[in-house]
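2 protein chains.
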Amino acid sequence: MKYAYLGPEGTFTESAVRRLAPSARQTVPFPTVPAAVEALRSGGFARAVIPLENSVSGVVPPTLGELVAHAGRLRIDAQVTIGVTFALMAAEGTRLADVRRVVSHPHALGQCRQWVARHLPHADTVVADSTAAAAAALAGGGPATDAAIAAPEAAARYGLRVLAHDIGARHDAMTRFVSLRRSGPDEPPTGRDRTTLLITSDRSAPGVLTGVLGELSRRQVSIAWIQSWPRQTARGRYHFLVEVDQHIAYPGLAEAVDAMRQGVDSLSLLGSYPYIVDREVEGERAAA
Amino acid sequence: MKYAYLGPEGTFTESAVRRLAPSARQTVPFPTVPAAVEALRSGGFARAVIPLENSVSGVVPPTLGELVAHAGRLRIDAQVTIGVTFALMAAEGTRLADVRRVVSHPHALGQCRQWVARHLPHADTVVADSTAAAAAALAGGGPATDAAIAAPEAAARYGLRVLAHDIGARHDAMTRFVSLRRSGPDEPPTGRDRTTLLITSDRSAPGVLTGVLGELSRRQVSIAWIQSWPRQTARGRYHFLVEVDQHIAYPGLAEAVDAMRQGVDSLSLLGSYPYIVDREVEGERAAA
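Just so you know, the protein sequences line up as chains A and B, in that order.
With UniProt numbering, letter number 213 in the first sequence gets 213, and the count goes up by one each step, no holes.
With UniProt numbering, letter number 181 in the second sequence gets 181, and the count goes up by one each step, no holes.
Excised from the complex, chain A in its bound form:
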């Protein structure tokens, strides 16, 4: 099965693809979220994996835009949450004491500033376009740097050795990814599933949104997440993307969706799918 994903290689999105399909051989990075989705839509790929939300920096708006734009034609077939950790990596033979210049993306340099100040007080920092680009540049012998800060995945990808793991200030950062496929039936429930709904309604009546959400809570379905998204055809009005903690095979959710359809202009199911949390993240959460 061919996977399109938000590149470049060696970033956290590639880790998400590996988590979903450890033995996938055909994984192709695309430069933007719309480009990865277009690769899926045009039929050349079976899945597109793109980031939905990071626990520190919030939603990824282009992904919401794609979900809304292609509702009814694309379907979410899985979500996976992975921990986002930064590692210091260098060429084989480089010791921590040798590191004078560290290259990474500004966001990662910011997240790892304290660690670098403590362990590499005399090192300069150099900016790259992405953490993967930093690792690639180091591996390619590009700029005169000794070490890169990137996802652990990048070390394996670019033949570098990890000098220090988990050097970011936030040890609990994580990113949620969605896997998309072209339309079709949902897989059966796995026991830990979510459903994403797209609700479109004129907001002139105060109770519309709470009325339709009430159909869920009345049937013991939890709203896990909700986002407004601007309607392109109606200024100042919104779609609502809602994630609930149940598979559509759960009778309470199916009933609620039927009832909700009565109260709104349109309601699309964007998919019922397994909600996968990486074992490492799960373990930390249990330990917290």
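Quick caveat, the hints were computed from the structure, so don't treat them as lab data.
Heads up, the beta-carbon is just placed ideally off N, CA and C, and yes, glycines get one too.
Some hints could be false.
Ranges of calculated distance between the beta carbons of each label pair, as one might list FRET restraints [to be verified]:
id, chain 1, residue 1, chain 2, residue 2, range
1, A, Gln262, B, Arg279, 50 to 58 Å
2, A, Glu187, B, Met1, 54 to 62 Å
3, A, Arg261, B, Gly110, 31 to 39 Å
4, A, Asp265, B, Ala169, 23 to 31 Å
5, B, Pro106, A, Ala259, 51 to 59 Å
6, A, Gly159, B, Ala156, 47 to 55 Å
7, A, Gln262, B, Pro106, 55 to 63 Å
8, B, Val28, A, Arg261, 27 to 35 Å
9, A, Arg95, B, Val28, 41 to 49 Å
10, B, Val28, A, Ala169, 22 to 30 Å
11, A, Val162, B, Pro189, 53 to 61 Å
Go by the hints and put chain B onto chain A.
The following block gives chain B in isolation, referenced to the frame of chain A:
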């Protein structure tokens, strides 16, 4: 009164500042949303104006992050929505027929692709970091370009002349901005106001969110907009930012807020403020 805003000069955020305070003389651009907010927090500025949402590209996550991080210490004191239009501009004396190379940000070049193909079929395009940077480069005689695509504001700012107005494919694009100040009482209602609430609750009970939102609809208060924001201290759990179409001076909203406090872990008012829609946008909406 000193205004900090998301720069550079000549962008739509500067237009928003002008709309809020036409005669403001001390307006200072900052390179990022957090930097503009920090300028306000540190006491050197009375207001910070930052983008909240664009009708095409969705929310601006760093702005949501700042609203959540500083809840209780900062207050929204106004929102303003302005139309986002692109203009082709050049140095005095340049005619449309002279234009061979057009410089702008890739997003603006994409939005204006059709117009350029029709009116400047032989022109090349050159990429800049922002639309304002494109106008500045042209005005400064930088790269060998003849015209820039930018906000109309940029023409005045950089001494350029507009050759063509409103050349983007989407004529109804708009951006909403928030004006922030340090904590203090809200201004009285203007007749067209909004209130932003930050709700934090454990999502284990299915009805919590719909229960609290129901307190609003029961009192004829409309939910205009709602966004989940990840809680930094509780993995997989969320804050909810809710905008309603009323001032807190409206008794129904004040009552609803009191009732909502009973059902959640915490509820902060981020401000009750005038909701300003630029006259141009308003006129187009009425005509639509």
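Honestly, do A:Arg261 and B:Gly110 meet the 31 to 39 Å range at C-beta?
36 Å, holds
Hint check for B:Ala156 and A:Gly159 - Cβ pair distance inside 47 to 55 Å:
Holds, at about 53 Å.
State, for the Cβ atoms of A:Arg95 and B:Val28, whether the hinted interval 41 to 49 Å holds or is violated.
46 Å Cβ-Cβ, so the 41 to 49 Å window holds.
Range agreement (Cβ of A:Ala259 with Cβ of B:Pro106, hint 51 to 59 Å):
Distance hint for B:Pro106, A:Ala259 is violated at roughly 45 Å.
Quick check: does the Cβ-Cβ distance between A:Gln262 and B:Pro106 fall within 55 to 63 Å?
Given about 44 Å between the Cβ atoms, the range is violated.
Is 50 to 58 Å respected by the C-beta to C-beta distance linking A:Gln262 and B:Arg279?
At roughly 38 Å between Cβ atoms, B:Arg279 and A:Gln262 fall outside 50 to 58 Å, so the hint is violated.
Quick check on a hinted range of 22 to 30 Å for B:Val28 and A:Ala169, using CB atoms only.
29 Å, holds
May I ask you to test the hint 23 to 31 Å on the CB atoms belonging to A:Asp265 and B:Ala169?
25 Å, holds
Look at the Cβ atoms of A:Glu187 and B:Met1 and judge whether their distance stays inside 54 to 62 Å.
58 Å, holds
Is the gap between the beta carbons of B:Val28 and A:Arg261 within 27 to 35 Å?
51 Å, violated
Could one say that the CB atoms of A:Val162 and B:Pro189 fall in the range 53 to 61 Å?
For B:Pro189 against A:Val162, whose Cβ atoms are near 58 Å apart, the range 53 to 61 Å holds.
Of the hints listed earlier, those the structure fails to meet are numbers 1, 5, 7, 8, in rising order.
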